[in-house]
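Chains A and B supply the protein sequences, listed in that same order. According to my numbering, the first sequence is numbered sequentially starting from 1. According to my numbering, the second sequence is numbered sequentially starting from 1001.
Fair warning: there could be bad hints in the mix.
Partial list, derived from the structure: chain B residues whose beta carbon lies under 7 Å from chain A [claimed, not checked]:
(1) Pro1037
(2) Ile1140
(3) Val1142
(4) Gln1156
(5) Leu1158
Calculated directly from the structure, the hints in this document are not laboratory data. Here the structure is a predicted model, which is why all the values come from computation and not from measurement. Don't be surprised by glycine CBs; every beta carbon is placed ideally from N, CA and C.
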Amino acid sequence: MRNFKFSAMAFIAVALITGFFACKPKNAGNAVSADAASKVYVAPGKYDEFYNFVSGGFSGQMSVYGLPSGRLLKVVPIFSINPENGYGFSEESKPMLNTSHGFIPWDDQHHLDLSQTNGEIDGRWIFANANNTPRVARVDLSTFHTSEIIELPNSAGNHSSPFITENTEYVVAGTRFSVPPDDVNGDVPINTYKKNFKGTISFISVDKGSGKMDIAFQLQCPGVNFDLSHSGKEKSHGWFFFSCYNTEQANTLLEVNASQNDKDFIMAVNWKKAEEYLKAGKGRKQAVKYAHNVYDEKTHTATSEIRTEVTVLDTKVLKDICYFIPCPKSPHGCDVDPTGEYIVGSGKLAALIPVFSFDKIQAAIAAKDYIGDYDGIPIIKYESALYGEVKKPGLGPLHTEFDGKGNAYTSFFVSSEVVKWNIKDLKVLDRAPTYYSVGHLCIPGGDTKKPNAKYLIAYNKITKDRYLPTGPELAQSAQLYDISGDKMLLILDFPTIGEPHYAQAVSADLIKNNSVKFFKIDENTNKYVSKGESTTKVVREGNKVHVYMTAIRSHFSPDNIEGVKLGDEVYFHITNLEQDWDVPHGFAIKAAGNAELLIMPGETQTLKWTPDRVGIIPIYCTDFCSALHQEMQGYVRVSPAGSSVPISYSLGTNLPKADSSTKK
Amino acid sequence: MKTNQLKTATRIILFLCGLSLIAVLYVPMWSIELNAPQYPEGLSLAIYANRLGGNVDIINGLNHYIGMKTLHEKDFVEFSVLPYFILFFAAAFVLTGLIGKRKLLYTLFVLFVSFGVLAMVDFWRWEYNYGHDLNPEAAIKVPGMSYQPPLIGYKQLLNFGAYSMPDIGGWIFVLVGALLMLLLIIEVRSFKRMKLGANTVKLMVPIISFLFLSSCNTEPKPITIGKDNCDFCKMTISDNRFGAEIVTKKGKAYKFDDSHCLLS
C-alpha cells in the first residue's frame, strides 16, 4: 500500500514536470560562422574595399561607411545644417539651403543613387533626395561636398526620388503626397482629393560634363502616392517604372483606407515618348517658383537663384507616355534586374512577389491588352504583363536587389528576413534572418547592369538588444552578409547614424584616387580671399566691418583687431593658406550666435558676427592643427556705439607701451 | 469500519487543496507567449481569474493590423464569474475535508472535472472567435488565414510563434485535479477492496496519467541543423531561428525549415 502510494505520487509528479517543459520550441541562438571575424577585419593602416554611401534619413545627411569593416568614415552634410563644419552657418554655404520658402535648416534624406555611365557606376557624383521640402542634391565624390541642390515645384513628399537612367541622362523624382499643382488655387477642401490633387514626376537633366541639373520637364499624373522607382536598362532603357499605392485616393486614415484595394499599380513611363512631345512643343509652360543652388569649388561660394518656369506634360491628354500595371497590395519596391527584362514589384502587404516581363509589357501595349483605364491612363491586364509570381516567400516584401548571376534578394519587414530567389525559376533558394525588421538592402552595383555581388547589407528598422543600450533612443542597425557563395552568411552588425533608407556601395578604387587633398590657393577666386598675409586688412563700410584674415600654423593674421563698435555687423573672411593634406583650421568667436567655421587648405569661408556687448572678445582655432594649436588665438575689442576708436589691426606688433617705472 | 467516511489523510489533503485554490485568485491561470524575430524580449498575455495581464496593450496594437478585436477585460463575462467559481470550489474542498463523507468526494470530483472541461471548451470558443472574427477593413489580409491561438501548446501565426500553457494558477488546478483523482482511486479501492485487484490498480494509474498527459505528449525531436531536410520543401534546415516542428498525438515529428512550409 505504501509502495503503491509512493510510486503513484512520484509518477504523477514526474509526468507533470515533463509535461510542463514539453512542446515549447527552444529559443535559437544567433548563427554567425566562425570565420566571420577574419572576413570583416581591416588591419590598422589598411583601406576598406568598398565605400558604402548610406542615407541619413531624418538626420538629413549622408553617411559614408567602409566595407567590410563597417567603420564610419564621414557624415556629409546635405540638407541639414551642420555646426561641426559650418555648413548652413557660413555665409558661403547658407545659399545651399535656400528654397522658394526661404532658408530651411533641415530635411529628411531617404534615397541615394550613384551616377552611371553605360549602366555602370562611374564614381563621379551621388544624388540625394529631400523628402520634406522636395529637392534633389548632387554631391561631388572628389571633394565629398554638396555641389548643387535643385528644388522641385508642384511636388510634396519627394519620396520616389532620386533614381537615375542608365547614362545619367536624367535624375527622376516622383511625389509621395499628391497635392494641387502650384499654379492653381490650392485653397480647396482636403476631401476634394480625387478632383484636385495631382501627382507629379520630375525629369531632371544632368549635364554630362559639369553635372549641372535642370528640370527638363514634369509629367502631371493621377493623384496617387508614388513610392519607389527604377529606370529600365538595356532593352528597357527609355522606360521608367514607379510603384504606386493609395489608388483608393484616400485623404485620411490611409493606414486603413489606402490598404483596401487588392491591387495597386506599377506605372511604366515611356520617357523617350515624353521627350518627343517636349520637342514638338506639346508641353505647357507653367509659372512656378523654385530654387536652384550651386556651390562653386573655385570661389568656394554657393549662389542661389529662384527660377520661375517649368514645362509640364499632362499624361491624361498626351497618350502613350504612361501605362499602369496592376501590382498586389500597396507596392513599395519596384526593381529592375540587370538585364532590364524583369521588373519586380514588392507589395508590402502581399504574400507573394510578382515579376513582370518587359517584353510581355511591350507586347500587351502593342496589342492594346487593357482592362480599362485609371484617370485616363490605360491599365494593362495583370496576367499579360506578368512573368510569374514567387509564392510564399515571406511576409511584407519591401525591396529587391540583384547579384548579376540571375538571383534576386528581397527584404521582408514583417518576417524580418532576406530571401534569395532565382529570377528564372521563381524558386526560393535561401533565407537569412535580420535583426530586426529589415527595410532596404544594398548590393554594390545591385541596381545597375553590373552588380558586384560580394556583399549584401541589410538596413534594419528595429535594433532593440543588438548593441549596448543607450536609453530609449537607439541607433539603427545594419548587417553585412557575405553573398559570394550559395548561402548568405552574416558576418557583421554595425549601428548607423540617422535612419538609413537606401544605400549605394561601390568599389573604393573608383573614388579613392580622385579624392582632392587640398584646394590650390592660386585657383581661389572667392570675393574675399586673402592670398597672403600681406593682403589681409580690416575695412569698415558703414556699419559693416569686413575682416580679411588668413590662417596658417599657428596664427591668424591679423590677430588683434580694434575699432569694432556695438551695432556693427562683422564678417570674418578666413582664408586657410596651408597647401598640404589634412591641415584644416577652425574658427570660433566667443558668444557668437553662430557655429564655428572649418576651413580646408586653400579655402575661404566667412562667419558673420553681431557683437552684443562692449569688451574684449577672444577668437581661436578650434581644430587641432599643430603643436602650438593652443596658441592660435586672437582678440577683438568692441567699443560702444558711436565710439571714436578707429579700426586698427595687426599681427605681432601691438605690444604694450614701455613701462616708465622699469626704466633704469 | 465507517465505510462512508474518508480516511484522515484524504481529508487533510482535501483541506489543503481547498486552501491552495484560494491562491489561484491571485496568480495568473493561463499564459499565451508570443515570440517573433523582432521581439527578442518576447510578448505575453497573462490570464488571471478576474483580469488580463502582461503586454495586453502591445498585443492589441499589433493585432489591429490583421483585424483582430482589441482585448478589453469588460468584454469577458468570464472575469466576473470565475472568481466565484473558484471560491465555491475552495469552499467545497475545505468542507469535504472537514465533513469527510464519501459521497461528497464523488460529487466534488464530478463537479470539478465538469468545470475543467467547461472552462477549456469556453476558452477554445473564445480563441476561435478571436482568431476568425476579423475586421474586413483590416490592412493586412492573408488569404485563407485565421489567427486562432492554440488551446494548449505551440502554433505559428504569421511571424509569431504562439505558445499557450497553464500558468501557476492553472498548474494548481491541474495538481488539485490530479490529487482529487488519486484520492478518489484510493478511496474507491479501499471501499471495494475485493472487487479491484491490486495489479489492475497498478496498471490503471499509469494509463490514466498517460491519457491525462496526451494533450501535450512527447517532447519534440531536436532538429539537426545542416543535416535535416524540410519535410515540405526539402531545403536543408540551416537556421535554428526559423526551424519549425510539429509533433502529432502519436508522437511522430515532422520537421520544417520555415514556418511557411509548416503552414502549407
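Exercise. List in ascending order the numbers of the hints, as given earlier, that are violated by the structure.
Key: 4
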